[in-house]
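There are 2 protein chains.
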Amino acid sequence: MILEVAILYIKDNQEKDFENNMRKASKIIAAQKGYISHEVKKCLEKKNKYILLVNWKTLIDHEHIFRNSKDYQEWKKLLHHFYEPFPIVEHYKSIKYE
Amino acid sequence: MILEVAILYIKDNQEKDFENNMRKASKIIAAQKGYISHEVKKCLEKKNKYILLVNWKTLIDHEHIFRNSKDYQEWKKLLHHFYEPFPIVEHYKSIKYE
Chain B
1017 MILEVAILYI
1027 KDNQEKDFEN
1037 NMRKASKIIA
1047 AQKGYISHEV
1057 KKCLEKKNKY
1067 ILLVNWKTLI
1077 DHEHIFRNSK
1087 DYQEWKKLLH
1097 HFYEPFPIVE
1107 HYKSIKYE
Chain W
1017 MILEVAILYI
1027 KDNQEKDFEN
1037 NMRKASKIIA
1047 AQKGYISHEV
1057 KKCLEKKNKY
1067 ILLVNWKTLI
1077 DHEHIFRNSK
1087 DYQEWKKLLH
1097 HFYEPFPIVE
1107 HYKSIKYE
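Each protein sequence line maps, in turn, to chains B and W. Our numbering puts the first residue of the first sequence at 1017, with every later residue one more than the last. Our numbering puts the first residue of the second sequence at 1017, with every later residue one more than the last.
Worth flagging that the hints you see were computed from the coordinates, not collected in a lab.
Copies of the same chain look alike in the list, so a pair counts if it works inside one copy or between any two.
DSS-like cross-link-like pairs, simulated, lysine-lysine; straight-line CA separation at most 25 angstroms:
| hint | residue 1 | residue 2 |
| --- | --- | --- |
| 1 | 1109 | 1032 |
| 2 | 1057 | 1093 |
| 3 | 1109 | 1027 |
| 4 | 1063 | 1073 |
The following block holds chain B by itself, in its conformation from the complex:
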């Protein structure tokens, strides 16, 4: 399992519109191959900051299959215009203890 992490900064005064579009976009991501679960949360300390956390079965499910899909075009259309700067997305895995 891979955790996708994106810290999102939303353009001033667009937080409510972003939240509404993210609610629509949640249905898109939840329907993808390899999707396990996701959360979108709002920062308490900075009003235009959010975090997106998505659990995927594999990195390929996110980076290759989802990002090359038609659904991703829909996701982009709903969300990408809210971001400034454009987010860096990273992936995390559980620590393996020997």
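Given the coordinates of chain B, assemble chain W onto it according to the supplied hints.
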């Protein structure tokens, strides 16, 4: 419920020692008032980067009760010397839809 998020950068070549100490420290955090769950994960893209996610019942449980406790001194002793730079910790809450 409040999600604590800390992005952690570990000093070069200290990743294994950090992981071992974090395993010990996990028992400390799991015993705190208001603790719900936590995860520590390793970044795939940057070798010395980790994320700590902790779910707390309230912000006070984390910021006041835990940080002013004796256990926090133990937590610090186990972990803080690995960080460079010292992490910014932020808190996130669920989005409320009207």
